[in-house]
Amino acid sequence: MKRFKSEASLPVIGVIGLIIVWYVAVWYQIVDPVLLPSPTETFRAMWTGMLGGRLGFDFIMTVERTTLATLIAAAIAIPVGIFLGASEKLYRSVEFVVDFFRSTPASAMFPLFLVLFGVGDKTKISVAAFGAALVILFNVAYGVMNARKTRLLAAKVMGASRLRVLTDVMLLESLPQTFVGLRNGVSLALVIVVVAEMFIGSTDGLGHRVFEAQQLFAMPDMYAAIFAAGALGYGLNLLFLLVERRFVHWSGK
Amino acid sequence: MDRAKPVLRSLTGGASADTPANTRGSPSAHVTIRGLTKRFDDACVYDDFALDIPRGQLISVFGPNGCGKSTLINMIAGLIPADAGEILFEGKPLRAIKFGYVFQNYREALFPWLRSIDNIEYPLKLMKLSKGERRTRTERLVTNLGVKIDLHRYPYELSGGQQQLVSIMRALVVEPEILFLDEPFSALDYEMTLFMRDQLQRLFVETETTTVLVSHDLEEAVYLADRILLLSRGPARIADYVRYDAARLRTDATLSEPDFIRVKAHCLEVFQREVRKV
Numbered sequence: 001m002k003r004f005k006s007e008a009s010l011p012v013i014g015v016i017g018l019i020i021v022w023y024v025a026v027w028y029q030i031v032d033p034v035l036l037p038s039p040t041e042t043f044r045a046m047w048t049g050m051l052g053g054r055l056g057f058d059f060i061m062t063v064e065r066t067t068l069a070t071l072i073a074a075a076i077a078i079p080v081g082i083f084l085g086a087s088e089k090l091y092r093s094v095e096f097v098v099d100f101f102r103s104t105p106a107s108a109m110f111p112l113f114l115v116l117f118g119v120g121d122k123t124k125i126s127v128a129a130f131g132a133a134l135v136i137l138f139n140v141a142y143g144v145m146n147a148r149k150t151r152l153l154a155a156k157v158m159g160a161s162r163l164r165v166l167t168d169v170m171l172l173e174s175l176p177q178t179f180v181g182l183r184n185g186v187s188l189a190l191v192i193v194v195v196a197e198m199f200i201g202s203t204d205g206l207g208h209r210v211f212e213a214q215q216l217f218a219m220p221d222m223y224a225a226i227f228a229a230g231a232l233g234y235g236l237n238l239l240f241l242l243v244e245r246r247f248v249h250w251s252g253k
Numbered sequence: 001m002d003r004a005k006p007v008l009r010s011l012t013g014g015a016s017a018d019t020p021a022n023t024r025g026s027p028s029a030h031v032t033i034r035g036l037t038k039r040f041d042d043a044c045v046y047d048d049f050a051l052d053i054p055r056g057q058l059i060s061v062f063g064p065n066g067c068g069k070s071t072l073i074n075m076i077a078g079l080i081p082a083d084a085g086e087i088l089f090e091g092k093p094l095r096a097i098k099f100g101y102v103f104q105n106y107r108e109a110l111f112p113w114l115r116s117i118d119n120i121e122y123p124l125k126l127m128k129l130s131k132g133e134r135r136t137r138t139e140r141l142v143t144n145l146g147v148k149i150d151l152h153r154y155p156y157e158l159s160g161g162q163q164q165l166v167s168i169m170r171a172l173v174v175e176p177e178i179l180f181l182d183e184p185f186s187a188l189d190y191e192m193t194l195f196m197r198d199q200l201q202r203l204f205v206e207t208e209t210t211t212v213l214v215s216h217d218l219e220e221a222v223y224l225a226d227r228i229l230l231l232s233r234g235p236a237r238i239a240d241y242v243r244y245d246a247a248r249l250r251t252d253a254t255l256s257e258p259d260f261i262r263v264k265a266h267c268l269e270v271f272q273r274e275v276r277k278v
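Chains as they are written, first to last, in our numbering: chain Z, 1 to 253; chain F, 1 to 278.
Be a bit skeptical, because a hint or two may be false.
[To be verified] Only pairs whose alpha carbons sit at most 27 Å apart, straight line, appear in this in silico DSS-like list of lysine-lysine:
| id | chain 1 | residue 1 | chain 2 | residue 2 |
| --- | --- | --- | --- | --- |
| 1 | Z | LYS253 | F | LYS125 |
| 2 | Z | LYS149 | F | LYS98 |
| 3 | F | LYS92 | Z | LYS156 |
| 4 | F | LYS264 | F | LYS277 |
| 5 | Z | LYS156 | F | LYS277 |
| 6 | Z | LYS149 | F | LYS125 |
| 7 | F | LYS125 | Z | LYS156 |
Rather than coming from a laboratory, the hints here were simulated on the basis of the structure. These numbers were taken from a predicted model, which means no experiment stands behind them.
Whenever a hint applies, use it, and build me the whole structure from the sequences.
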């Protein structure tokens, strides 16, 4: 029990280490104090910002956009991924297109989506959804294609129809890989949303907050917004991991 | 190689590749295979192959590596198509009968998202039986086999032997006419293998289901079998189809009986001859 406790507290060491280094850097003025405020100032800015300040509002806006983008992406990519993955030939025929656009930086698509959807939330969300959808699609399709052959045969030999094999075996077999896709997808969606909030005529969101704080030279606010974005990314990933552990209990076993 | 033949006439059955129907005094044929042909790319695995599998017996299939032991039962069980030939179950095609199939790799054959009991009931679900009927059948099977596993656990929470037992129960729950097992114990450690052999033997005695067992372990093949089907290298022929009539239940003592040793030695000799041929 004691050993478990001490191991669980190991990650704290890194956090404490970082804060100590930060304090030392500020104390000895290794970095220009204008550019690097002290941890205390930063956390105060974060605290007041998150509790009723602008930062809290911007945080919620980013959460909303990222969630919406991921939901749209999943709603499109999961069925399409299953459909494509169910036939390896079909997937091979669109594989290049999927891989090509998956490798295209989503930020390069902004101008195109701006023309399509105008300046506003629609563009931000749709670019993020586009990027996330391809990542999810790719993973779902591979999850379905890589379903264990023995398991498919086992279902077939027991008399399952092709449809039953798909619903009873392939879908469940692809779930662990689908979750990998969802986690990567939500991370990518967050990246795209934050970048979009910085530039295209935005008035809110974490990206906007970081950018505005930098323009105003409000460094504690800027760091606070960066940490808020980090916490959001980490939290979303953790959320999906917990959901996965709950629903895909057999993953990795 | 012909030297041994006269001595062994008493051991081996009348059936051979040429006259498979000639099974005097033995139970009626449950499975009849005629003209079976199968090619993989360039290799011809079966060419005009014929075999009778008697009803209510346990047949072990043994032979050199890559001779097509698994291919044979996979074709009989419809997992892979034959290029030509006919496989009938007392005149009926495969789709008209109920059968069970147990894979070597239980880890990949069971469904990890279902509890063990739901794994066992899955084929009953495919047969559209009600939940109550499914439970009744499963419980009957558990009682008959005297299984003492917590079936409400997930397969990955069980030991290898327990998982394979669940897998065998899943094959048996439909009350199959015929049961196929493809090297079912080869992924288990020796202790578990011994235990599982006896489990299989007990349930065979209990149900008298026609059983075809592919094995790579000669001792196991003989110990469990009523007849040992020895295959030659490709294209596979029946090198011998040896009877072993020792009374059941067989035990560890069986392994040192003269009859067992004699049959095993004969099978080994045939096997060696077939291996050296290439």
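For this session: With a cut-off of 27 Å on the C-alpha distance, tell me whether LYS92/F and LYS156/Z pass.
Result: Distance ~20 Å between LYS92/F and LYS156/Z Cα, so the pair holds.
Problem set entry | Holds or violated: LYS253/Z to LYS125/F, with C-alpha atoms at most 27 Å apart | 25 Å, holds
Problem set entry | Pair hint outcome, LYS156/Z versus LYS277/F [Cα-Cα no greater than 27 Å] | 37 Å, violated
Exercise. Hey, LYS149/Z versus LYS125/F, does the alpha-carbon distance stay inside 27 Å?
Worked result: 21 Å, holds
For this session: Starting from LYS149/Z, check that the Cα of LYS98/F is at most 27 Å away, please.
Result: 22 Å, holds
Exercise. Has the given pair, LYS125/F with LYS156/Z, been kept, meaning a C-alpha gap of at most 27 Å?
Worked result: 13 Å, holds
Exercise. Straight-line Cα separation of LYS264/F and LYS277/F no greater than 27 Å?
Worked result: 20 Å, holds
The structure shown violates just one earlier hint, number 5.
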